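Participant: Each chain is listed here by its residues.
Number of protein chains: 2
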Amino acid sequence: MHSKFNKIKSLLLELKKIESISSLLSWDQETLMPENGGDIRAKEIAYLSSLAHQKHVSNEFKRELEKFVNINNGEFVTNEFTNNEKRFLNRVWIDFHYENSLPQEFVETFSELVSKSQMKWSKAKKQNDFSIFKPFLTKIVDMKKKEADYYGYSTNRYDALLEQFEPGITTEKLDIFFGELRPRLIKLIKKIKNSSVKIEKINGKFDEDKQWKFGLKIIEEMGFDLKSGRQDKSMHPFTISFHPSDVRLTTRIQEDNFLTSLFASIHEAGHGIYEQGLLQVNFGGPYGQACSYGIHESQSRLWENQIGRSKIFWSKYLPILKEYFPQLESYNLDKFYKAINVVEPSLNRVEADEVTYSLHIMLRYEIEKMLINEGLQVEELPRIWNEKMKEYFDIIPGSDANGVLQDVHWSMGAIGYFPSYAMGNFYSAQFFKKANEEIIDFDKKIMEGDLLPIKRWLNENIHKYGRKYLPNELIKKVVGNKMSVKPFIEYLENKYGKIYQL
Amino acid sequence: MHSKFNKIKSLLLELKKIESISSLLSWDQETLMPENGGDIRAKEIAYLSSLAHQKHVSNEFKRELEKFVNINNGEFVTNEFTNNEKRFLNRVWIDFHYENSLPQEFVETFSELVSKSQMKWSKAKKQNDFSIFKPFLTKIVDMKKKEADYYGYSTNRYDALLEQFEPGITTEKLDIFFGELRPRLIKLIKKIKNSSVKIEKINGKFDEDKQWKFGLKIIEEMGFDLKSGRQDKSMHPFTISFHPSDVRLTTRIQEDNFLTSLFASIHEAGHGIYEQGLLQVNFGGPYGQACSYGIHESQSRLWENQIGRSKIFWSKYLPILKEYFPQLESYNLDKFYKAINVVEPSLNRVEADEVTYSLHIMLRYEIEKMLINEGLQVEELPRIWNEKMKEYFDIIPGSDANGVLQDVHWSMGAIGYFPSYAMGNFYSAQFFKKANEEIIDFDKKIMEGDLLPIKRWLNENIHKYGRKYLPNELIKKVVGNKMSVKPFIEYLENKYGKIYQL
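Here the protein sequences come in this chain order: A and B. Residue 452 in our numbering sits at position 452 of the first sequence; the count goes up by one each step and never skips. Residue 868 in our numbering sits at position 366 of the second sequence; the count goes up by one each step and never skips.
Bound-form chain A, shown alone (with noise of 0.2 angstroms):
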């Protein structure tokens, strides 16, 4: 790009330094920071989010904006840039002007309120005491009001927050994509509910030191370079990145439970390589950022489901899963394969299934929209939350840690976030099917453990891009068609309809 824009990239790479350095302060406090710890810590987050905020929106960044959009409406002073040029610019300015919204005491109230917000959360799940979180919560979903507000929107408050994560996703098209797949999943659980094929669990107690072993084994494999990033433990498996070049996995590591360790990992995995695939050239300005929340989470959703929870790529690892795990020896590939992809309604997203896992989604989504758009109460949250559990899945929390306590999200600020995982779900089958025809021999290679192709293909066909694509040009110059639910109601179909014999 031409050298007018050396001064902005240089801006904005300031900003993003400033970024990354709290991004590692926010990952030591969430895997290894000292109990006491967390005052200063927060503080400093703080700082940094405000120093960042004062930067982006000082009259030095101003001038330098001003000199190719009007910072007001984003249109640009010239007709001469070329189509590059202006995606670029466009990012930029919607960028500051998210920023220029949001007053500078906003930003430090709420950047402190989360970090806090963050330690009851985490508080309250432990002691399943609701009341420590609730008016925590309750002022965090005032100041979201507030700050979709401060954006502005055209239909409704909820639709300024989606925007924030999923950019061109509103309201009325969720409603769309999720008033197509609702009756057609209804119907496929229905389905497997009644069907004569009988599923067990894998139980008993896995090694931790084992289990860490081969998930990082795996994730290496997939392709995640260790030299350029770690993973760690933390109560909440997350993937964080400071540059391409230093990407932090998180997972969990639960003695009687190691699929959920193992499939945190892949998961994680496939967020981080999404990470280390963007190109260092353009760390600080926006293609060097990742395209959406939802594009994202397609990356880890495709290595966790479409590829982790395959047969084929068992095919290739149980043998040495069982290495690792002897007790397992009883197991034979398809016995393994049904025992990874049992489909049951359950408390928990994290660790639903592929066909329940979008009914979460809803779930949360509904009660967004109830708390954002139409005043419900942070107080009635633990009812409202049961009484759609009985509804969807016909099963009511025994606790509310294991209920409307069980994610991170709400403490974080991230309202508007849940429907990205869905979207990334209808991604990621778009995009598998792609992989699938475009890569020779595209089951061989898994089978035979070659995994690096698919890493190349996500690398060369989404990372590289950044943000350069929106969600929906991005999917479009990728797999020829729009946004599609299909692909991945077809997929759980088609692979459900065979597990269980439908």
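Think of the hints as simulated: they come from the structure by calculation, not from any bench. Keep in mind that the hints are not guaranteed to be accurate.
To be verified - Using 20 angstroms as the maximum straight-line C-alpha spacing, the simulated PhoX-like pairs for lysine-lysine come out as follows:
no.: 1; chain 1: B; residue 1: 729; chain 2: A; residue 2: 120
no.: 2; chain 1: A; residue 1: 227; chain 2: B; residue 2: 729
no.: 3; chain 1: A; residue 1: 322; chain 2: A; residue 2: 201
Keep in mind it's a predicted model, so treat the numbers as computed, not measured.
Given chain A, work out where chain B should sit, using these hints.
Facilitator: Leaving out everything else, chain B in the frame of chain A:
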């Protein structure tokens, strides 16, 4: 203190937050950072260093400081300040003066240089190749000379660097201290060499996991609070504090050398207890910082040597150590005590015994003086190092890795630091003598593993003051006399006279 200082305190707090954040980046770099993460990390640390510098010498800071002192020479604008206020302002002005003496560009260049140099030093040490480190050290020495010139000095350049680590200490004073110490040390070492007592060192392999656990147990009993800190592994043990509520120690575990790791843990915990003992209410201001590097070192040395290598300490802990390592069964207290106090000339400072340790410092002190004051070229260092090793210890390192490359300090730009280790030894002997007089049943308490009264005495007499007193003032206040090497010499002659039956 009066509320008129609120504004300057809040500006100082901001600087401290930046420093604390930067410390986390450094800590992560030394402990966990993946191999490829170094480039962006160096840039981020440099960015924070530059940011702190900018803010420290900003017009806002200057305007505020000018209300109290003449910023050019530190003279107070009024005589109506209390003594305490004068102390406070003097420390604030000194720090400002140092920052203000250095041009912005110099600070940025230097920060990036040392960040890279540490990686180069590490590589050079691993590959035993001084030439990898040489160009970087050459630049560091050049810049340290410039730094000294920026600060100014009355007698010689090296004094300006010493002053950064140990305020009030000059080459003139060090020459006196070392002049008093050297002949008596050499005499003592000669006697030990000629002694009929021959002590065998402890050999064999010690399980790393058990080493780790025993070390953690000891530092907890010393009073290091693991809720406000943690211990990790690194190549070179160090302590770094983000806040009294989050202090990080590192140690190095070697299967075939458990004493090194153990005493490194105790040593670093001594530093850590000091940092945890600084008053949180003073965080950000000078009284929230340690007095000096030498006083810091006195804390680590006191725990490591006066306590950790004493017979009474092991009368409690040897039986416990044997539970971890039954292979030590044949050691009675006397044999073990002697084995951890072997005196012999050695190549390595960190692993040197108490008696020869100061000779390692004198060697470095002389070399640093030559580098800074006398124009010694960096390329001459390996030769000079080996010549001095021959002179002081009658041994020549078989490799630069065990010689001139052994210490991390120069790669960090810490020239002038080493003498504070020697000062720490001198102070520690003075403090220990006093603690022994003031704490009731001192020996009995140690024999019972009741170490907290010692921690509390140090908290009360040293830690809580932070940087309120200069090192010589603090010594005077605590022990009633001025700085002296005598208690240290007498401690050594007495202890080792008994061990070696001199």
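Participant: Now tell me, hint by hint, if it's right for this structure.
Facilitator: Hint-by-hint comparison with the structure:
1. Distance hint between residue 729 (chain B) and residue 120 (chain A) is fulfilled; the C-alpha atoms sit about 18 angstroms from each other, no more than 20 angstroms.
2. As the CA atoms of residue 227 (chain A) and residue 729 (chain B) are separated by approximately 31 angstroms, the hinted pair breaks the 20 angstroms bound.
3. Under the criterion of a C-alpha separation no larger than 20 angstroms, the hint pairing residue 322 (chain A) with residue 201 (chain A) is consistent with the structure, at around 16 angstroms.
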